[in-house]
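As given, the protein sequences belong to chains A and B, one line each in that order.
Positions in the first sequence are counted from 1; adding 1 to them yields the working numbering.
Positions in the second sequence are counted from 1; adding 9 to them yields the working numbering.
Hints were generated in silico from the structure; no laboratory data involved.
Built from N, CA and C at the ideal position, the CB exists for glycine as well.
One or more of the hints may lead you astray.
What the hints assert, rightly or not - Taking lysine-lysine and the DSS-like style, the derived pairs with C-alpha atoms no more than 25 Å apart in a straight line are:
hint	chain 1	residue 1	chain 2	residue 2
1	B	Lys276	A	Lys74
2	A	Lys85	B	Lys278
3	A	Lys133	B	Lys278
4	A	Lys74	B	Lys246
5	A	Lys165	B	Lys237
6	B	Lys278	A	Lys145
7	A	Lys133	B	Lys237
8	B	Lys278	A	Lys105
What the hints assert, rightly or not - Residues from chain B that keep clear of chain A, each with C-beta distances beyond 10 Å, as calculated:
hint	residue
9	Asn143
10	Lys149
11	Asp183
12	Ile229
13	Leu233
14	Arg241
As the list claims (entries may be wrong) - Partner residues aside, some chain B positions facing chain A, computed with beta carbon under 10 Å:
hint	residue
15	Tyr68
16	Val71
17	Leu161
18	Val235
19	Lys237
20	Lys246
21	Arg258
22	Glu259
23	Gly263
24	Pro275
25	Lys278
26	Ile281
27	Thr407
28	Leu410
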Amino acid sequence: MEETTSFNLPKQTHDIFSVMARGAFISSNGSRDGMNRLYDVINNPENFDRLQAYFNVIRYNIERGNNFFYFSKLSEPNSELEKKLERFERYIDIIDLFASMDNKIGIGSRFRPSEIAEECNANVRLKQKLQKIPLYRSETLHNKVREICDLMSRDSFLELEDEKSESYKVLDSYNYLLDVINSVAIYEESGSSDDTQGIIYN
Amino acid sequence: MSLQVNVKDLLSNLYHNRGVVELLFGQRDHITVNELLGRDDISEEQYRKLVSLDILYEYENVVSLNDAVVAMFEDFMEIGEVTPGFINDYINELKRHIKFYQEAREMRFLRSIKKYLKRINSTLTREIIKLQKNVDDTYKNESNYRIKLQKLEDYREKRDTIIDFIRQTTTIVDETRSLFNITNDSELFGIVSSLKVSLIENLDFLIEIQTDITDFINKIQYQLDVYKKAQRLKEVKDHGTLHFKTNFREIVSGINTLKHNGHKTPKTKIPIDFLYSDDGHVLCKRIAEKYKITRLMVRGLADKMAGNFKDQGLVQQIKLDTEKLVERFLTQTKLNLFEYLIEYKFPKAIGTVTFEERLSLFVEIAMEYQNQLDFKYRLQYHDYIEANTELKKRLGYTLILPLKEKAKKEKAAK
Numbered sequence: 002m003e004e005t006t007s008f009n010l011p012k013q014t015h016d017i018f019s020v021m022a023r024g025a026f027i028s029s030n031g032s033r034d035g036m037n038r039l040y041d042v043i044n045n046p047e048n049f050d051r052l053q054a055y056f057n058v059i060r061y062n063i064e065r066g067n068n069f070f071y072f073s074k075l076s077e078p079n080s081e082l083e084k085k086l087e088r089f090e091r092y093i094d095i096i097d098l099f100a101s102m103d104n105k106i107g108i109g110s111r112f113r114p115s116e117i118a119e120e121c122n123a124n125v126r127l128k129q130k131l132q133k134i135p136l137y138r139s140e141t142l143h144n145k146v147r148e149i150c151d152l153m154s155r156d157s158f159l160e161l162e163d164e165k166s167e168s169y170k171v172l173d174s175y176n177y178l179l180d181v182i183n184s185v186a187i188y189e190e191s192g193s194s195d196d197t198q199g200i201i202y203n
Numbered sequence: 010m011s012l013q014v015n016v017k018d019l020l021s022n023l024y025h026n027r028g029v030v031e032l033l034f035g036q037r038d039h040i041t042v043n044e045l046l047g048r049d050d051i052s053e054e055q056y057r058k059l060v061s062l063d064i065l066y067e068y069e070n071v072v073s074l075n076d077a078v079v080a081m082f083e084d085f086m087e088i089g090e091v092t093p094g095f096i097n098d099y100i101n102e103l104k105r106h107i108k109f110y111q112e113a114r115e116m117r118f119l120r121s122i123k124k125y126l127k128r129i130n131s132t133l134t135r136e137i138i139k140l141q142k143n144v145d146d147t148y149k150n151e152s153n154y155r156i157k158l159q160k161l162e163d164y165r166e167k168r169d170t171i172i173d174f175i176r177q178t179t180t181i182v183d184e185t186r187s188l189f190n191i192t193n194d195s196e197l198f199g200i201v202s203s204l205k206v207s208l209i210e211n212l213d214f215l216i217e218i219q220t221d222i223t224d225f226i227n228k229i230q231y232q233l234d235v236y237k238k239a240q241r242l243k244e245v246k247d248h249g250t251l252h253f254k255t256n257f258r259e260i261v262s263g264i265n266t267l268k269h270n271g272h273k274t275p276k277t278k279i280p281i282d283f284l285y286s287d288d289g290h291v292l293c294k295r296i297a298e299k300y301k302i303t304r305l306m307v308r309g310l311a312d313k314m315a316g317n318f319k320d321q322g323l324v325q326q327i328k329l330d331t332e333k334l335v336e337r338f339l340t341q342t343k344l345n346l347f348e349y350l351i352e353y354k355f356p357k358a359i360g361t362v363t364f365e366e367r368l369s370l371f372v373e374i375a376m377e378y379q380n381q382l383d384f385k386y387r388l389q390y391h392d393y394i395e396a397n398t399e400l401k402k403r404l405g406y407t408l409i410l411p412l413k414e415k416a417k418k419e420k421a422a423k
């Protein structure tokens with residue numbers, strides 16, 4: 002307690018640390034465990050500077066995205082490239098699935114896995130996409146979607162809003178994935194017709 | 010229509026059924042008649058009365074509040090749908106009364122002018138606040154993409170309408186300045202000047218809202234664009250050329266999130282000292298239960314006893330008794346734990362139990378059986394004479410009563 006007051010840090014500093022050091026994002030529209038409140042605390046410019054300075058001492062850096070925050074490690078090499086590639090390839094599969102749905106899932110969307118499974122069942126193209134997403138052992142479409150949702154909420158891109166009805170909400174941190182995808186440039190043989198690649202990278 | 014015209018009657022009816030009104034306002038369109046009557050705060054008769062008074066409506070077994078009542082609450086709370094149409098009505102009324110006043114300089118017209126100027130002022134502000142709230146809410150919570158875009162476009166239109174009204178009001182106020190000057194009415198002057206200030210403020214606010222709406226629409230558009238990109242990436246990936254035809258590798262290697270780089274949460278060891286504390290003991294116990302280490306559980310208990318009791322032999326006998334002792338204590342209601350232990354007649358086999366031993370028994374029971382005891386967090390005092398020094402002493406102890414359920418039952422009985 003003493004330390005927190007002398008550094009003039011907000012009293013939620015520990016909560017912020019314990020969420021972000023776990024590798025999770027803090028999104029402005031998250032509601033579990035007072036996430037939106039934590040977001041507001043970090044987003045306050047005075048707090049932000051203090052927290053940043055404080056965490057920098059232990060080599061964590063707060064990264065700011067579009068309505069979300071996360072930690073990166075200062076002066077430590079980013080490792081495990083192969084694993085990372087694998088993971089992001091999987092994200093591409095998942096986002097491609099989400100993008101191909103009639104009722105597009107975007108930030109703030111609420112949905113139930115059964116709804117997605119239902120749509121995939123009715124649409125052969127979607128069904129194939131879902132079945133081809135690797136690394137899942139589940140047999141039924143519904144369980145597969147469930148696993149995807151589970152994975153995405155563990156990575157704090159989704160939030161299980163209501164356990165009874167199994168309803169998920171897409172958090173602002175989803176922007177992070179979109180930004181990553183947006184920053185990938187596709188080299189075209191026939192000149193570049195669209196230059197969508199931007200540097201929205203943090 | 011039998012809706013009360015009397016303000017007092019209406020208010021008292023609403024007040025008497027405030028629980029129901031609050032519930033129905035909070036959960037519009039969800040409450041069925043049976044659900045409502047299942048609650049304690051309204052009887053069938055009262056319900057019929059409210060329906061006959063038109064405060065409640067019943068349609069296909071769903072109960073709803075009178076729209077006028079809902080609208081009133083919404084107005085006060087500045088929530089609900091944006092309805093700029095009202096402003097238009099007020100502006101027209103204002104124009105009409107100004108015309109009247111120009112023809113006949115009568116106070117009654119001036120009064121109406123004031124009324125409508127005030128109304129325009131407050132309604133504009135309210136509508137703009139509602140607009141802001143709704144735009145934000147739509148962006149954050151509307152799940153369907155197309156509807157979301159459509160809604161935001163609608164709000165953009167409403168915003169334009171409101172701006173138009175602001176312009177109209179400004180022109181009216183400017184045009185009638187000379188007329189208002191003639192009236193020499195200080196109240197009117199105050200109303201007009203505050204209206205002017207708030208018109209400028211509101212215009213600024215609307216511009217801000219406009220940037221918000223544009224921003225939100227752009228974000229959605231961005232998402233749609235990225236989705237297209239994702240689909241193309243997926244295509245490239247399916248052709249097996251993701252690593253060659255794009256800079257995917259490069260981008261991913263630059264990713265700096267903790268999770269994706271395998272940076273683990275720093276793990277700390279539990280300090281040994283903590284394990285000796287009360288919280289530490291609870292933690293140990295939980296772990297012992299989880300892994301079914303009975304040895305650890307037993308030792309946890311025994312350790313505590315050893316600290317409390319002088320005579321080891323006596324300890325074990327008393328320990329065997331503790332549970333029954335507590336059971337007996339829980340079944341009675343007359344005494345609190347401390348008194349009970351001090352008064353308790355132990356079996357002769359144990360021999361005499363000294364005051365100190367009873368005291369440590371008190372502490373032990375308080376700690377071991379805390380879940381079954383009702384801690385009052387109030388001190389009571391006990392006077393006694395210390396055996397060795399024969400000094401009069403006073404001891405403060407926490408008031409501990411049997412089990413909460415009992416207390417509840419007792420209360421219910423009363």
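Results of checking the hints against the structure:
The straight-line distance between the Cα atoms of Lys276/B and Lys74/A is roughly 16 Å, inside the 25 Å bound, and the hint therefore holds. In summary, the hint linking Lys85/A to Lys278/B is not supported, as the alpha carbons are separated by about 29 Å, beyond the 25 Å threshold. Taking the CA atoms of Lys133/A and Lys278/B, the gap is near 43 Å; set against the 25 Å cutoff, the hint is violated. At roughly 30 Å between alpha-carbon atoms, Lys74/A and Lys246/B are farther apart than 25 Å, so this suggested pair is violated.
For a cut-off of 25 Å, the pair hint linking Lys165/A to Lys237/B is broken: about 33 Å separates their Cα positions. Distance restraint check for Lys278/B and Lys145/A: the Cα-Cα separation of roughly 38 Å exceeds the 25 Å cut-off, and the hinted pair is therefore not satisfied. Restraint check for Lys133/A and Lys237/B: satisfied, since their Cα atoms lie roughly 19 Å apart, inside the 25 Å limit. For the hint pairing Lys278/B with Lys105/A, the CA-to-CA distance comes to about 46 Å; that exceeds 25 Å, so the pair is violated.
Chain A leaves Asn143/B outside its interface by the beta-carbon criterion, the shortest separation being 14 Å against a cut-off of 10 Å. Distance check for Lys149/B against chain A: the nearest CB is about 5 Å away, which does not clear 10 Å, and the non-interface claim fails. A cut-off of 10 Å between C-beta atoms confirms that Asp183/B is not in contact with chain A; the least separation is 40 Å. The beta carbon of Ile229/B is not kept farther than 10 Å from every beta carbon of chain A, the shortest such distance being approximately 7 Å.
Chain A draws Leu233/B into its interface by the beta-carbon criterion, the shortest separation being 7 Å against a cut-off of 10 Å. The non-interface label for Arg241/B is inconsistent with chain A: the shortest C-beta to C-beta separation is roughly 6 Å, within 10 Å. Against a cut-off of 10 Å between C-beta atoms, the interface hint on Tyr68/B is violated, since the closest Cβ of chain A lies about 26 Å away. A distance limit of 10 Å between C-beta atoms decides the matter here; for Val71/B the minimum to chain A is near 21 Å, and the interface restraint is violated.
This hint is violated: Leu161/B has a C-beta 12 Å from the nearest C-beta of chain A, more than the 10 Å allowed. Checking Val235/B against chain A: minimum C-beta separation of about 4 Å stays under 10 Å; hint holds. Against a cut-off of 10 Å between C-beta atoms, the interface hint on Lys237/B holds, since the closest Cβ of chain A lies about 7 Å away. A hinted interface residue such as Lys246/B counts as satisfied when its beta carbon comes closer than 10 Å to some beta carbon of chain A; here the least separation is about 6 Å, so the hint holds.
Checking Arg258/B against chain A by beta carbon gives a least distance of about 7 Å; that is within 10 Å, so the hint holds. The restraint placing Glu259/B at the interface with chain A holds, with a minimum CB-CB distance near 9 Å, inside the 10 Å limit. Taken as an interface hint, Gly263/B checks out: its beta carbon lies about 7 Å from the nearest beta carbon of chain A, inside 10 Å. The beta carbon of Pro275/B comes within 7 Å of a beta carbon in chain A, closer than 10 Å, and the hint placing it at the interface holds.
With its C-beta approaching chain A no nearer than about 17 Å, Lys278/B sits outside the 10 Å limit, and its interface hint is violated. Interface restraint check: Ile281/B against chain A, minimum CB-CB distance 23 Å, threshold 10 Å, status violated. Taking 10 Å as the C-beta cut-off, the interface hint given for Thr407/B is violated, the closest approach to chain A being about 26 Å. Violation of the interface hint for Leu410/B is found here, the shortest Cβ-Cβ separation to chain A being roughly 33 Å, above the 10 Å cut-off.
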